[in-house]
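**Q** The lines below spell out each chain.
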Amino acid sequence: DGGITQSPKYLFRKEGQNVTLSCEQNLNHDAMYWYRQDPGQGLRLIYYSQIVNDFQKGDIAEGYSVSREKKESFPLTVTSAQKNPTAFYLCASSRELYGYTFGSGTRLTVV
Amino acid sequence: KNEVEQSPQNLTAQEEEFITINCSYSVGISALHWLQQHPGGGIVSLFMLSSGKKKHGRLIATINIQEKHSSLHITASHPRDSAVYICAVTGSARQLTFGSGTQLTVLP
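These protein sequence lines are chains A and B, in that order. Just so you know, we're using my numbering here: the first sequence kicks off at 1 and counts up by one. Just so you know, we're using my numbering here: the second sequence kicks off at 1001 and counts up by one.
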C-alpha cells in the first residue's frame, strides 16, 4: 500500500546534538512538507519541497535543514541551533488536486 | 488574528449525538481540508473540498465560500470518533494553513 513512512516514532537527543528525522513516500507525490506541532498549537510549516533538488523555507525554518535528493525522500535535520526542538514532527506529501497524505509523526525529546 | 479559526476548542458528547465543528477562515483559498488526529499523533485526511458538500459514512463536510466558513458534522457519534479534528486551508501558494484543532471526546 502507498503511504508515508516516518521514522523513528520516538527520538531522544542530548542538547547540542544534531538529529535527522526520516520521511519516505511511495505515492509518487511531487511535493513534500515538514511540520512542527506543539501542544495546543496548530501545525507550523518548517520546510517544503515541490520538486527534487529544490526546497523552500517555511514559517519556522531556523535551526532546521533539509535535503531532497530523491523524489521519495525528504529528511529533516534538527540542528543544535534550534533553541527549543522538543516537539512532534509531521511529514506530508501532496499531488495537485489529490490532497495531502500525512505520516504518523516523530516525537522528539531533548534530554 | 489567526487565518483559520475553529470552534469549539473542546467538545464532549454522548454516544449517538449529532456533532458539529466549525471552521472560519480569512484568506482566499483553493481548497479546505478536514483532518483527524488520533492520540498517537498520526493524521488522516478526511475531506478536501472547494465547494458544496461531501459525505463519507457518518461524516459530512460543507463549505460556504462566500461566508468563508466550513462545518464538519458527525452523525450518530461513537467513542471511536474521539480525536482532534483539524481544519486547514490551501492558499494560492499551495501551502496548508492549519487551525488549532478541536478536541472531541465521545462518551459511551
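These are computed hints drawn from the structure, not numbers from a lab. From a predicted model like this one, the values you see are computed outputs, not experimental measurements. Just so you know, even glycine gets a beta-carbon here, dropped at the ideal spot from N, CA and C. Fair warning: there could be bad hints in the mix.
Claimed, not checked - Here's a subset of chain B near chain A, in silico, CB distances under 10 Å, partners left out:
1. Q1006
2. S1007
3. Q1009
4. F1018
5. H1033
6. G1040
7. I1043
8. A1088
9. T1090
10. Q1095
11. T1097
**Q** Hint by hint, note whether the structure agrees.
**A** Right, here's what the structure says about each hint:
no., hint, verdict
1, Q1006, "9 Å, holds"
2, S1007, "14 Å, violated"
3, Q1009, "9 Å, holds"
4, F1018, "26 Å, violated"
5, H1033, "7 Å, holds"
6, G1040, "7 Å, holds"
7, I1043, "4 Å, holds"
8, A1088, "8 Å, holds"
9, T1090, "9 Å, holds"
10, Q1095, "6 Å, holds"
11, T1097, "8 Å, holds"
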